[in-house]
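S.K.: With these hints in hand, go ahead and build the complete structure from the sequences.
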Amino acid sequence: MGDPGRQGTFVPKVVVAIDFGTHGSGFAWATVSNLQDITNHRYIAYQDFKGSGGGSSSYPKDLTAVLVDGHGTPREFGFKARERWQSELNQGNPSGFGYATRFKMALRADAPPSDVPRYLGSLAGADRQVVRKLIAAYLGNVHRTALKEIEATGYRGISFTADDIRWCITVPAIWRDSEKRAMREAAAAAGIPTGEERLLLVSEPEAAAVYCALTSGTLLGPQRPESRLDVDTAGSRFMVVDCGGGTVDITSYQIRTEGVTGDRLAEIGIADGGPLGSAYINQHFVDTVLADRFGAQELKALTASHPREIARLEDRWEEWKVGLHSETAPDGTPTIVTPCDIEVPGRLWEALAPATRQRMTEQAFGDPYHLVVTPEEVVAVHESVVGPILDTIERQRRLVLDGGPVKGVDQIVVVGGFARSTYLRDRIAQRFGAEVKVLIPQDPAVAVLGGAVHFAYDPAVIWGRRSKYTYGYECSMSYRDGIDPKGKRHVTEEGEEMCADRFRVVVKRGETVRVDEVVDTSLRVTPRSSRIFEIGLFATFSDDPQYTTEDGCERVGTVTADVTGSVGRPSYERLLDIYYAFGGTEIAVETRDRISDVRRKATIEFTEMYGRRGGASGGKAGS
Amino acid sequence: MGYGSDGFDQDDGAQRDFTAPDSRWFRRQDGPDGRDAAPASSGRKGVSQRDLEAVRQRLRAEIAADVQRQIESAAARTDRRLDEVLAAVRGLSARLEAVARNVDSLMDALRDQGVRDAIDGGRATSDFHRRHLDLAQSYGRLVQQDLRMLVRPLCPRLDGEGEAELARRRAMVVGELVMMLFHPLDQPVAVSQEDIVAELRDHGLATGAVQFRAQFDAVFRRAGELRDGVAALPFTAHLDTGVDPAALRADQYQPWNRELADTGRPEFVVAHAYVVAGDRPQALTQPIVFLAPTAPAVPAAPAAAS
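Chains as they are written, first to last, in the UniProt record's numbering: chain A, 1 to 623; chain B, 1 to 306.
Derived by calculation from the structure, the hints in this document are not laboratory data.
Accuracy of the hints is not assured; some may be wrong.
[What the hints assert, rightly or not] Calculated from the model, a selection of chain B residues having no Cβ within reach of chain A, i.e. all distances over 10 Å:
no., residue
1, D51
2, A54
3, V55
4, E72
5, R95
6, S126
7, R131
8, L133
9, D134
10, R141
11, A167
12, H183
13, G224
14, A246
[Said to hold, decoys possible] Cβ-Cβ distance ranges computed for the label pairs, FRET-style:
no., chain 1, residue 1, chain 2, residue 2, range
15, B, A247, A, V337, 38 to 44 Å
16, A, D315, B, F268, 22 to 28 Å
17, A, A152, B, A247, 26 to 32 Å
18, B, R265, A, A434, 53 to 59 Å
19, B, S105, A, K80, 38 to 44 Å
20, A, P368, B, E225, 29 to 35 Å
21, B, V103, A, R144, 26 to 32 Å
22, B, L110, A, P193, 22 to 28 Å
Quantities reported herein were computed from a predicted structural model and do not represent experimental measurements.
Just so you know, even glycine gets a beta-carbon here, dropped at the ideal spot from N, CA and C.
M.R.: Structure follows, in structure tokens:
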């Protein structure tokens, strides 16, 4: 291991966050510097916009899609993959391409049906092994694109490199360790460094919470003032409602009652909201509006004979739906007043029955090739999903409330691409606005991504400070027959069998440590005649060191205690208290003789696991 | 402590003159056969060969000791000099490391500034672009949805007017409305709603239709909000009015009348692209163009029979 006191923590110069989503994925990044430390003024860059015909409905992300050739080699990603696939499909897919989308959640063996992945062409029937490869390929593309865009911002050819970057990938709150491991493996296969300090995984709702706490949003209600998520009131609870394309995920948190340092957020409830994403509004659109216009049987036939045109019709509905503006009725109920006009692809229009075409043309004021959806139909289609979303939020609130008395303010933050729907926001505000604070960030679609950047910049914002090493001191402990080496055995004046060179742990690697936290221990001084007592201070990467002589265990300091006050006494009367006081970058180790109250001090370096600036003297770059 | 030019330390009195041993002890004389001879006169009676030998031995020992001391002294001085050189080298190394760290910090600061410049100048996509994208998408929706709906009651079918002519006329009206409502994009709306309605009326359009008035209120308000939003952002945005529709490829525009998407050719622009200024101007929407049907190819006349 080398001297832990001299090994620097990795100090990133750039942090890159990847929001890998079921429907859309994107990345954003920020440089690390003194100026950027101020969160209000932190510059965040996003990946260049990817469009699909002049505007992205998955903004600010690219589509999570991969196109592979007949050999299974990835050829295109994102919207380009979809466009190329449609083009190949148009020609009958002569080269045997394969297309996959919505495959993220297939990492889970028990993935909810709401996110049924699509594997088409040569990828039909893909198994989990294939899914992992697809994820690795997609992440690899994101990785390369991010490096390229970062390099492009260089100053006269001087730019940040891959070695300067800490990566962060978002994962759903419901993922278990096995899925997270699989994601790390996929990232490694994608070329992303996966060391503990180089790649962080952050839960999506936590990232969204960070974003809402650090950036201004709007409080939904009659006045709509600016506000932020309050994370400073101990004991208060809030709920993150992440409305995506496929699912609505609801996670509840409580700010720890013992304070806001250390681990800030205690997760108190997760609800997989189920198939309530905006994609299900689209499904209802097809099942109700199109069925009404074309006829149910005809729709079935057209879906089989004109799948691309039906899909295009869905896309156009989606484009309109995203920009839907609801108005507020006098009683506060959100409503739609504008009809929706959707162009019908020519081939599909020609395939409709003449009577259908005539009826639709009249509804469109004489414009053929148009389908007009009335405001009432728009409301009904939205309510088919929005209603159950509100019920789910209500159920989760009850579960959380039943968990104990409410302290502080209850808050709901609404994030995700679907949260851009004014109709959804206004319905949530109408239902819950009187009881809780309902907050929506300025751009809910980037809440997870932006929050992940802030988190990667300073993981302590969620995780608190974590110790990079296991710290402790050298002492003797009771000899364990059959376990401790015979060579370390010794017998005290009192006849006790002891084992020398034992490592007494004060704080374990990865444990959260608050600034100004003090950990105290004590030991007995032998022999009776000793007037000073040297205590070796040690550090190691190991989680559970036994001996200070183990490989990787390094002495990082010594404190010499004055024990003259108890000379001559038996060891059980010669007690020495040892205090480890954790400062910002140092640990002050102090000893106190209980008899004489004489104190002695030493200082050793404290290294955070994800320190932004690394250790003080031991840190390499950036100090 | 200074050093003499001979390298001896002048302060410790260690200087010795090898060539001039103490004359109290002996003066060498050559005997007739070249060997050491007893002094002709030592001034002492009865000095034996043994005594002389003893003196020589003592002298040798003293000289040897003296040489040894000088060697040790020289070695010690050499060691000290070496230590000083090593310390100087270490100091230089530490300074070099400090300089290297400073250079690293400066380079990082330059890189960081490069990124900030890229964001400020618009070369890198940032929060500013995201806000523009929101506005651009609103603009696109207002055109494709609201103005499309609005123009129907505004432009009822004229007697004998065919579908193609009606579609074309409506598209042209939308194009004029786009310019009235959105140009110049980066400035607040300068005309009143009534001014626009009056102009439309002067063009013979049905501004009195109930559905038109109801929808136009909302459209005018949202257009105003959009332009206010653009004006409030860094990097201005504008409508790209300089484009030649005939020169556009199929992947460079959005068709207004999609039924001709596969067969038509751009005839005129209905709504220009929303372009964000900056070091790297970005078009956030494509121009929306009206497509005219492509004239069917005239079959070649058959060759005359000979």
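S.K.: Now look at each hint and say whether the structure bears it out.
M.R.: Quick rundown of the hints versus the structure:
1. D51: 63 Å, holds
2. A54: Nearest chain A Cβ is 58 Å from B:A54, so the label holds.
3. V55: B:V55 is indeed farther than 10 Å from all Cβ atoms of chain A, at 59 Å.
4. E72: 37 Å, holds
5. R95: The assertion about B:R95 holds, with a minimum of 17 Å to chain A.
6. S126: 6 Å, violated
7. R131: 8 Å, violated
8. L133: Nearest chain A Cβ is 6 Å from B:L133, so the label is violated.
9. D134: About 8 Å separates B:D134 from the closest Cβ of chain A, which leaves it inside 10 Å; violated.
10. R141: 4 Å, violated
11. A167: Violated: least Cβ distance 7 Å, not greater than 10 Å.
12. H183: 19 Å, holds
13. G224: Non-interface label stands for B:G224: nearest chain A Cβ at 14 Å, farther than 10 Å.
14. A246: 19 Å, holds
15. B:A247 / A:V337: 38 to 44 Å: 40 Å, holds
16. A:D315 / B:F268: 22 to 28 Å: Given range 22 to 28 Å: holds, Cβ gap about 26 Å.
17. A:A152 / B:A247: 26 to 32 Å: 29 Å, holds
18. B:R265 / A:A434: 53 to 59 Å: 57 Å, holds
19. B:S105 / A:K80: 38 to 44 Å: 40 Å, holds
20. A:P368 / B:E225: 29 to 35 Å: Check passed, 33 Å falls within 29 to 35 Å.
21. B:V103 / A:R144: 26 to 32 Å: Distance hint for B:V103, A:R144 holds at roughly 29 Å.
22. B:L110 / A:P193: 22 to 28 Å: 24 Å, holds
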